[in-house]
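Chains as they are written, first to last, in our numbering: chain B, 1 to 474; chain V, 1 to 474.
Simulated from the structure, these hints should not be mistaken for lab results.
Fair warning: this is a prediction, and the values are worked out from it, not measured in the lab.
The beta-carbon is built from N, C-alpha and C at its ideal position, and this holds for glycine as well.
One or more of the hints may lead you astray.
A partial selection of chain B residues facing chain V, derived with a Cβ cut-off under 8 Å [claimed, not checked]:
hint : residue
1    : Val-9
2    : Ser-127
3    : Gly-207
4    : Gln-338
5    : Glu-367
6    : Lys-385
7    : Asn-400
Here are some chain V residues the structure puts well away from chain B; computed CB gaps all over 10 Å [said to hold, decoys possible]:
hint : residue
8    : Glu-13
9    : Thr-83
10   : Gly-160
11   : Gln-215
12   : Glu-340
13   : Pro-423
14   : Glu-434
Protein chains: 2
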Amino acid sequence: MEKRRSKLVYENELALFLDYYELTGGKADFDHKNTDMITETFFVRKIPKNLGSYMVAAGLEQVIDFISNYKLSKEDRKWLKKTSGNDLSKEFLDYLENFKFKGEIYAVPEGTPIFPNEPILSITGPSIDVQLFETYILNVMNFQTLVATKASRVVNAARGKTVLEFGARRAHGRDAAILGSRASYIAGSTGSALVLAGKKLGIPYIGTMPHKFVQERDSELKAFREYAESFPHNTILLIDTYDTIRGAKNACTIGKELREKGFDLKGVRLDSGDLAELSKIVREILDAEGFKQTKIMVSSDLDEYKIDELLSKNAPIDGFGVGTRLITGANYNSSTKQGEVSALGGVYKLVEIVKNGETIPKIKISEDTEKTTVPGKKQVYRTFKDNLFAGDEIVLWDENPPKNSRPLLVGIIKKGRVVYEFPKLSDVRRYCLEEILKLPEKYKRVADPETYTVKISDKLRELQQELIRKSKNQ
Amino acid sequence: MEKRRSKLVYENELALFLDYYELTGGKADFDHKNTDMITETFFVRKIPKNLGSYMVAAGLEQVIDFISNYKLSKEDRKWLKKTSGNDLSKEFLDYLENFKFKGEIYAVPEGTPIFPNEPILSITGPSIDVQLFETYILNVMNFQTLVATKASRVVNAARGKTVLEFGARRAHGRDAAILGSRASYIAGSTGSALVLAGKKLGIPYIGTMPHKFVQERDSELKAFREYAESFPHNTILLIDTYDTIRGAKNACTIGKELREKGFDLKGVRLDSGDLAELSKIVREILDAEGFKQTKIMVSSDLDEYKIDELLSKNAPIDGFGVGTRLITGANYNSSTKQGEVSALGGVYKLVEIVKNGETIPKIKISEDTEKTTVPGKKQVYRTFKDNLFAGDEIVLWDENPPKNSRPLLVGIIKKGRVVYEFPKLSDVRRYCLEEILKLPEKYKRVADPETYTVKISDKLRELQQELIRKSKNQ
Numbered sequence: 001m002e003k004r005r006s007k008l009v010y011e012n013e014l015a016l017f018l019d020y021y022e023l024t025g026g027k028a029d030f031d032h033k034n035t036d037m038i039t040e041t042f043f044v045r046k047i048p049k050n051l052g053s054y055m056v057a058a059g060l061e062q063v064i065d066f067i068s069n070y071k072l073s074k075e076d077r078k079w080l081k082k083t084s085g086n087d088l089s090k091e092f093l094d095y096l097e098n099f100k101f102k103g104e105i106y107a108v109p110e111g112t113p114i115f116p117n118e119p120i121l122s123i124t125g126p127s128i129d130v131q132l133f134e135t136y137i138l139n140v141m142n143f144q145t146l147v148a149t150k151a152s153r154v155v156n157a158a159r160g161k162t163v164l165e166f167g168a169r170r171a172h173g174r175d176a177a178i179l180g181s182r183a184s185y186i187a188g189s190t191g192s193a194l195v196l197a198g199k200k201l202g203i204p205y206i207g208t209m210p211h212k213f214v215q216e217r218d219s220e221l222k223a224f225r226e227y228a229e230s231f232p233h234n235t236i237l238l239i240d241t242y243d244t245i246r247g248a249k250n251a252c253t254i255g256k257e258l259r260e261k262g263f264d265l266k267g268v269r270l271d272s273g274d275l276a277e278l279s280k281i282v283r284e285i286l287d288a289e290g291f292k293q294t295k296i297m298v299s300s301d302l303d304e305y306k307i308d309e310l311l312s313k314n315a316p317i318d319g320f321g322v323g324t325r326l327i328t329g330a331n332y333n334s335s336t337k338q339g340e341v342s343a344l345g346g347v348y349k350l351v352e353i354v355k356n357g358e359t360i361p362k363i364k365i366s367e368d369t370e371k372t373t374v375p376g377k378k379q380v381y382r383t384f385k386d387n388l389f390a391g392d393e394i395v396l397w398d399e400n401p402p403k404n405s406r407p408l409l410v411g412i413i414k415k416g417r418v419v420y421e422f423p424k425l426s427d428v429r430r431y432c433l434e435e436i437l438k439l440p441e442k443y444k445r446v447a448d449p450e451t452y453t454v455k456i457s458d459k460l461r462e463l464q465q466e467l468i469r470k471s472k473n474q
Numbered sequence: 001m002e003k004r005r006s007k008l009v010y011e012n013e014l015a016l017f018l019d020y021y022e023l024t025g026g027k028a029d030f031d032h033k034n035t036d037m038i039t040e041t042f043f044v045r046k047i048p049k050n051l052g053s054y055m056v057a058a059g060l061e062q063v064i065d066f067i068s069n070y071k072l073s074k075e076d077r078k079w080l081k082k083t084s085g086n087d088l089s090k091e092f093l094d095y096l097e098n099f100k101f102k103g104e105i106y107a108v109p110e111g112t113p114i115f116p117n118e119p120i121l122s123i124t125g126p127s128i129d130v131q132l133f134e135t136y137i138l139n140v141m142n143f144q145t146l147v148a149t150k151a152s153r154v155v156n157a158a159r160g161k162t163v164l165e166f167g168a169r170r171a172h173g174r175d176a177a178i179l180g181s182r183a184s185y186i187a188g189s190t191g192s193a194l195v196l197a198g199k200k201l202g203i204p205y206i207g208t209m210p211h212k213f214v215q216e217r218d219s220e221l222k223a224f225r226e227y228a229e230s231f232p233h234n235t236i237l238l239i240d241t242y243d244t245i246r247g248a249k250n251a252c253t254i255g256k257e258l259r260e261k262g263f264d265l266k267g268v269r270l271d272s273g274d275l276a277e278l279s280k281i282v283r284e285i286l287d288a289e290g291f292k293q294t295k296i297m298v299s300s301d302l303d304e305y306k307i308d309e310l311l312s313k314n315a316p317i318d319g320f321g322v323g324t325r326l327i328t329g330a331n332y333n334s335s336t337k338q339g340e341v342s343a344l345g346g347v348y349k350l351v352e353i354v355k356n357g358e359t360i361p362k363i364k365i366s367e368d369t370e371k372t373t374v375p376g377k378k379q380v381y382r383t384f385k386d387n388l389f390a391g392d393e394i395v396l397w398d399e400n401p402p403k404n405s406r407p408l409l410v411g412i413i414k415k416g417r418v419v420y421e422f423p424k425l426s427d428v429r430r431y432c433l434e435e436i437l438k439l440p441e442k443y444k445r446v447a448d449p450e451t452y453t454v455k456i457s458d459k460l461r462e463l464q465q466e467l468i469r470k471s472k473n474q
């Protein structure tokens, strides 16, 4: 396995990245010699409103890194002993300090399009061990899957134009900026403004110029000239500090000066105003002065809805810088001005236990019937027609696959050993873009996409009904 | 200064936590020997819809830690040189490698209630230096201020009942879980489910029991019994795995067993269903069996709107576990089911430059007049009446303060030295709760609070108008 490319936050202390009930539950299991082998799965019940009909799986690499290295440090142990009062026993803490995960993990590779209720990750192991990872898996995979999903929509809306991730300033903390940049890149963005995303993950980093640079000089023209002198081969001018049209004319003046020195004016950037109208006027100004090759980049509270609208109006835009709404995975529809909470509600649920050799499927019943879980360890098969996705089927682990299908969950850890070779991030990105091409257009529309068919096998349905009946009769 | 309590993500590499334009702008400044001293301020133009009429400042400690230690490592430098092509010169990278911030920072202490357009942080220093911190300041302060603001609303809605932060599983990455827990604690939550928040920040960590623990046993009663045996002094039972009312009765059975051993049943937790109705029934069941001291805790997609509704219905709830909507700072109104993007749109803007000894206020004009900045280095004074906040005034730095007022921005770094003593987090929390008490009730209502008066001084208004005129005539 390749060296992990994204060292973790608060390194060496991450074994404590868990909700306390994972330790109290574990300790009570330990006290009562619970030796069950269990299976829990991570899945998403519902795609948030306004976020379309498919998701893009992301976050697996960070999760496997965590699980395969999990171990309580001496210092953490001491601290837990002290601060938990009598809650956590010496014996249980010993167990955690000598921890080594020996179970199995199957998961959907990063970059794979997935749908509601499909297991994205399935983990089997001793009960105490498996529960330790709940918070971490949910944290890392909910967020990255959310942003990859959003980014995929933005990239679709951009119809082949460049999408750049500009979100660090509005990301929820530093890790969100990096992981968000990662998820966005997986789903097809071309680069990030964040230099550290470049360093940690090899994502191309890019930048134009700050408003401040213009504001500080006596004139916009002087600012443009100084900037162009420093980056003659790579000049992208920000033209909206005072007046975008005047800015475009000033950019042409500088473009001519560059031309005399043998360089091209690479681009201009618009960051405010009516982007559809302004981009057309700016294009005309540039073209009239012979700057047909100069690109127009725009930014300003963009998302897939706005980008779709701009391109539907034939705005001559070459690249989109997308910030807040991408990095937060906002499920906000900027046309209807309605949204909800910027989060993916993925859950981690017990589906099966093996007690004394006997396999017992498990259910969590909810008055909200949508929330009642589907019991049993499961596989997902994706069927194909003319090389396009033609519906998925969720089945019990050992059921026969449907015709012309492939399984989505692949082996990641077996008997505690990582058996999966994590692809390079750029390969994950390529894979994702290829898979998205196989998803028929009607499921990818920005507004009102159709719902993709995910069948739950008859056996699974029967099993669920049986367990519901049993619980009622108890 | 106390030892920093929250080591940073991706430690030693954080000097690259910046948008690339901060380096290109800096390099062009460097090339052209820009020796201007400038002032930039961080402020929030507008509180997101549904998030009330005040904010709670948070994030300063992480920002000061970053700035006071800022320096490019040799490795980062080498990497930048290689990957930026010819963009960044040896001389400029030398400058960054030997960097030491020598400027000044004034800021509003963490935990202070603040209002739109008020500078929260004001930084003065060489132009190149000050721009390096833009992304970091925005990232850390936007997020923590957002969550502290949300948490303050949740705590107000809870009317003195306990609020626990349960958000890690839906936080945007690992850092968001920790920083969100921090911000939430500052604004009055009592503890966090996240153990690492306890370790890093001294926040009390708490937990009940997982559904899984119940699902795994043959019966709920058996699960409760095993859990109680492990934590007789600290038993909080999760009673909704199958049927909440049956769960409450089972909890009473265990409560009696505990009683025989000399322990009390500490609490029960409801995590689904109609919490107003169920909490009343559960309270009756507990009371009838003599468990009047047993607390009822609830969770399940809570926010300030739901908590307010529950308590308005006299639901006998003692504590609220609040997750997704707290840790994402969701500006979602669960009554009207409308929301936007879970982010705070704070900005970092140039307001003044000092060139060859001359002070020149600066403006950024926008067609969207709301976005036009107020030029000049500024202070904020808070006025008081009967010891309650009675309106703020934003003034030029050297204007006279209004009567009966105190300045909000205090010195943090002077001549490059940290002069501010960061209080302990529990003291920040206490300060915040005291300050919120001084904010009259009408500004704190969950729904439709009044707008607090923030005056912009006449001098500032005149200055702004003058610069707008000048720009138009240019």
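Hint check:
{"no.": "1", "hint": "Val-9", "verdict": "4 Å, holds"}
{"no.": "2", "hint": "Ser-127", "verdict": "6 Å, holds"}
{"no.": "3", "hint": "Gly-207", "verdict": "3 Å, holds"}
{"no.": "4", "hint": "Gln-338", "verdict": "6 Å, holds"}
{"no.": "5", "hint": "Glu-367", "verdict": "5 Å, holds"}
{"no.": "6", "hint": "Lys-385", "verdict": "36 Å, violated"}
{"no.": "7", "hint": "Asn-400", "verdict": "28 Å, violated"}
{"no.": "8", "hint": "Glu-13", "verdict": "6 Å, violated"}
{"no.": "9", "hint": "Thr-83", "verdict": "6 Å, violated"}
{"no.": "10", "hint": "Gly-160", "verdict": "24 Å, holds"}
{"no.": "11", "hint": "Gln-215", "verdict": "5 Å, violated"}
{"no.": "12", "hint": "Glu-340", "verdict": "5 Å, violated"}
{"no.": "13", "hint": "Pro-423", "verdict": "21 Å, holds"}
{"no.": "14", "hint": "Glu-434", "verdict": "27 Å, holds"}
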